[in-house]
Amino acid sequence: MFSKEEIINYADKLLIGLTDEEANMLLDEFDIIDKNIDQINEIEGLSEVEPAFMPFNLYTATLREDKVEESVDVDVALSNTKDKLGREIRVPKVVD
Amino acid sequence: MFEGIEELRKKLDSGKLKVKDLAQQAVDASKKVNSKCNAFVTIIDKPKIKENKKSILSGIPYSAKDLFSTKGILTTGSSNALKDYIPFFDATVISRLKKSGAVLTSKSACDEFGLGGTGTTCHTGIVRNPYDENREAGGSSAGSAVAVASGVVPFALGTDTGDSVRKPASFCGIVGYKPTYGLIPRYGVLPFASSLDHVGVFTRSVKDAAIVVDSIKGPDSKDMTALPKTDDLTPLLDGNVEGKRLFYIKEICDIRSYDNPSDELKKSIKLFNEIIEKAKKLGMQVIPESIDQKLLNAIQPTYQVISCAEATSNLSMYTGIIYGPRGNGSNINEMVKDYRAHGFSSLIKRRLVIGSYVLQKENQERYYLNACRVRQMIIDKFNELFTQYDGFITLASGGGAPLFDGKTEVLSNEAVLENHLAIGNFGGFPSITIPAGFINNLPIGINITGKVQDDVNVLNIAYALEKDIKFKGGLHE
Chain A
23 MFSKEEIINY ADKLLIGLTD EEANMLLDEF DIIDKNIDQI NEIEGLSEVE PAFMPFNLYT
83 ATLREDKVEE SVDVDVALSN TKDKLGREIR VPKVVD
Chain B
11 MFEGIEELRK KLDSGKLKVK DLAQQAVDAS KKVNSKCNAF VTIIDKPKIK ENKKSILSGI
71 PYSAKDLFST KGILTTGSSN ALKDYIPFFD ATVISRLKKS GAVLTSKSAC DEFGLGGTGT
131 TCHTGIVRNP YDENREAGGS SAGSAVAVAS GVVPFALGTD TGDSVRKPAS FCGIVGYKPT
191 YGLIPRYGVL PFASSLDHVG VFTRSVKDAA IVVDSIKGPD SKDMTALPKT DDLTPLLDGN
251 VEGKRLFYIK EICDIRSYDN PSDELKKSIK LFNEIIEKAK KLGMQVIPES IDQKLLNAIQ
311 PTYQVISCAE ATSNLSMYTG IIYGPRGNGS NINEMVKDYR AHGFSSLIKR RLVIGSYVLQ
371 KENQERYYLN ACRVRQMIID KFNELFTQYD GFITLASGGG APLFDGKTEV LSNEAVLENH
431 LAIGNFGGFP SITIPAGFIN NLPIGINITG KVQDDVNVLN IAYALEKDIK FKGGLHE
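Protein chains in written order, with my numbering: chain A, 23 to 118; chain B, 11 to 487.
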């Protein structure tokens, strides 16, 4: 049902490189997930249910006070960066 | 060390034991256990000690799964993608434990970024079960479970997205408790699937689990899903369960529901029935309930779809550009692709591709949204049952820890019994596994789950059963 090209295409969209072996494993897994999804889709009355995106809704959003909070020192924030220039991260060129 | 937190507290307060010596014991034991079970990513040779005389946890050593950000201490997510990452901040729970004076002595190995249930996908190698090194410890919080079961520390932090605290607790013969969603803040915990992720704890007794959770729960301005302040759990543990009503699911825990049950499953269900009898003798009613088999069969696929979809979103932050080992390539896309090809394990890559597939516009309705609808149906069914019952009792697994079979973790059609604990994550229900006994010389746990924000009730049921089962958690040599 699924083709290897399709799977490689999905991986490419995610900027993920797959080995040949991984692509083949995924082919098998896609078949399993497609069969499994049939177990979901055969449940009666599914279309009448609102999807749950969280376990429950107990949240009340509150705005914090408009006060300056402690922030991270730039040098500390850059501590895991191997390629930096002064206070900035050196990144590859993305525009010509 | 196999003493509980209260026993250790007494020894420390009486001067029989010094904090520094206790920390050193934990470090030495970590090294010994690591040589057998490969449970840790980092063992902290000189742990930082800052006592807080007002806290019961002051001076008590612990281990944290390597998903918890620890300031100045390597935090890898058990992944090559973050193999050198040293956070400049603490996760809220680490910060709270620091304030209470608890002593972090190790970071434990887990399935990469918490995805997986076997402890076999850590970048430092597979984690082995202390009861039998040829078997899994369970996952994803494998190393934390091993640390507590082996007596390295009295408690350890884990995370639970499908059953990642409660299943390894079963396989390692200890207590694994995942409180109500949001009771413990998740700020600073590397995410897997945010709507399912919980912080949980491993201990060797129910009371210790309550003590630890009391020290780390509570609102957090940095986590909008953290719940408001609640009463402490420990003072409310009284073991009084007279008149409590529990249900179990016939389709899962009744041997007659299985056509060809294995010898192991027969023994597991026999043990479960013995526990039911104990519950009844304690004054509880235990009643079988039936749930539509189609809905039960849908638990695993629902979990697969939702968790993969959310993981795809959460793990997209790993690019190797800002931090992490930068990949090679002539442009930014090639660099990210190279970083992910080498940083992520095969399992993670496959899960992310599946997550991306189910989220594509043309597939969303059939896969992702329908899975979220089934999630709601399962939540509704359990909420309905919790209007009649105080808790749901079940086996935490269908048997003891499995042997390593040499296969990598692949999606499969496993039995409902091996996946049903995800119900607790779907609804954010408080859920605890406690040791129930042994099957073929391997520990196995039972699990109690209750309604949202009824943690005290769940703990009390577990507390009463624990006393009656008389299984002292952990591998006592």
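Keep in mind the hints are simulated off the structure, nothing from the lab. This structure is a prediction, so every number in the text was calculated from the model and none was measured. One or more hints might be untrue.
[Stated by the list, open to error] With a straight-line cut-off of 30 Å between C-alpha atoms, the simulated DSBU-like cross-links for lysine-lysine are:
hint	chain 1	residue 1	chain 2	residue 2
1	B	93	A	115
2	B	254	B	480
3	B	41	A	35
4	B	21	B	41
5	A	106	B	41
6	B	81	B	41
7	B	371	A	26
8	B	109	B	64
9	B	46	B	391
10	B	41	A	89
11	A	89	B	108
12	B	93	A	35
13	B	276	A	57
[Said to hold, decoys possible] Facing chain A, according to a computed beta carbon distance under 10 Å, are these residues of chain B, among others:
hint	residue
14	197
15	300
16	301
17	312
18	345
C-beta atoms are modelled at their ideal positions from N, C-alpha and C, and glycine is treated no differently.
We went through each hint and held it up to the structure:
no., hint, result
1, B:93 / A:115, "holds (25 Å)"
2, B:254 / B:480, "holds (21 Å)"
3, B:41 / A:35, "violated (43 Å)"
4, B:21 / B:41, "holds (24 Å)"
5, A:106 / B:41, "violated (37 Å)"
6, B:81 / B:41, "holds (22 Å)"
7, B:371 / A:26, "holds (20 Å)"
8, B:109 / B:64, "holds (10 Å)"
9, B:46 / B:391, "violated (44 Å)"
10, B:41 / A:89, "violated (47 Å)"
11, A:89 / B:108, "holds (26 Å)"
12, B:93 / A:35, "holds (25 Å)"
13, B:276 / A:57, "holds (29 Å)"
14, 197, "violated (14 Å)"
15, 300, "violated (16 Å)"
16, 301, "violated (12 Å)"
17, 312, "holds (6 Å)"
18, 345, "holds (6 Å)"
Going down the numbered hints, you'll see the structure goes against 3, 5, 9, 10, 14, 15 and 16, while the others check out.
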